[in-house]
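> Sequence:
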Amino acid sequence: MRSHYCGKLNESHIGQEVELVGWVNRCRDLGGVIFLDLRDREGVIQVVYDPDLKETFELANSLRAEFCVSIKGLVRPRPEGQINKDMGTGGVEVLGKELTIINRSEPLPLTLDNHQTTGTDSLSSGDHPILLVSTLVL
1 MRSHYCGKLN ESHIGQEVEL VGWVNRCRDL GGVIFLDLRD REGVIQVVYD PDLKETFELA
61 NSLRAEFCVS IKGLVRPRPE GQINKDMGTG GVEVLGKELT IINRSEPLPL TLDNHQTTGT
121 DSLSSGDHPI LLVSTLVL
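Per this note's numbering, residue 1 is the first one in the sequence shown, and the count goes up by one each step.
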């Protein structure tokens with residue numbers, strides 16, 4: 001089922017077909033191409049879905065955070081200017097060819113993504129004082 005762990009992929013795997021299993025960490029549709037951050041116990045890898053593979057693209061477009069998925073694809077170098085030096089796998093990405101949803105997740109009450117804001121951010125910003133009252137009886 002799994003050929004590699006997400007966080008272990010690097011430039012030495014370029015050109016190899018891989019099968020990855022993990023959780024959707026983040027999913028973005030940017031200009032008709034879907035970028036998916038897939039997470040497993042070893043790290044995160046970016047998976048790219050192109051609209052040329054219509055069924056797979058539509059399935060990828062339905063993914064949400066924490067879906068458990070299996071992906072088959074081709075490891076390729078990231079385009080010039082898109083290398084992420086903050087990630088161990090930032091020099092490569094996987095071009096997704098097949099996608100299987102193993103388990104769906106319910107919508108989460110709060111977002112787990114550090115790149116998005118939630119309604120609770122305003123509470124911790126200091127705009128709303130939080131008063132803690134304690135009565136101490138001596």
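It should be emphasised that the hints constitute simulated quantities derived from the structure, not laboratory data.
Among the hints, a few may not be true.
Unchecked claim - Here are the computed lysine-lysine pairs in the DSS-like style, where the Cα-Cα straight-line distance is at most 27 Å:
| no. | residue 1 | residue 2 |
| --- | --- | --- |
| 1 | K54 | K72 |
| 2 | K54 | K97 |
| 3 | K8 | K72 |
| 4 | K97 | K72 |
| 5 | K8 | K97 |
| 6 | K97 | K85 |
| 7 | K85 | K72 |
| 8 | K85 | K8 |
Computed from a predicted model, the values in this text were never measured in an experiment.
> State for each hint whether it applies.
Hints versus structure:
1. K54 - K72: This hinted pair holds, its Cα atoms lying about 15 Å apart.
2. K54 - K97: The hint holds at about 10 Å.
3. K8 - K72: holds (16 Å)
4. K97 - K72: holds (6 Å)
5. K8 - K97: holds (20 Å)
6. K97 - K85: holds (25 Å)
7. K85 - K72: holds (24 Å)
8. K85 - K8: holds (15 Å)
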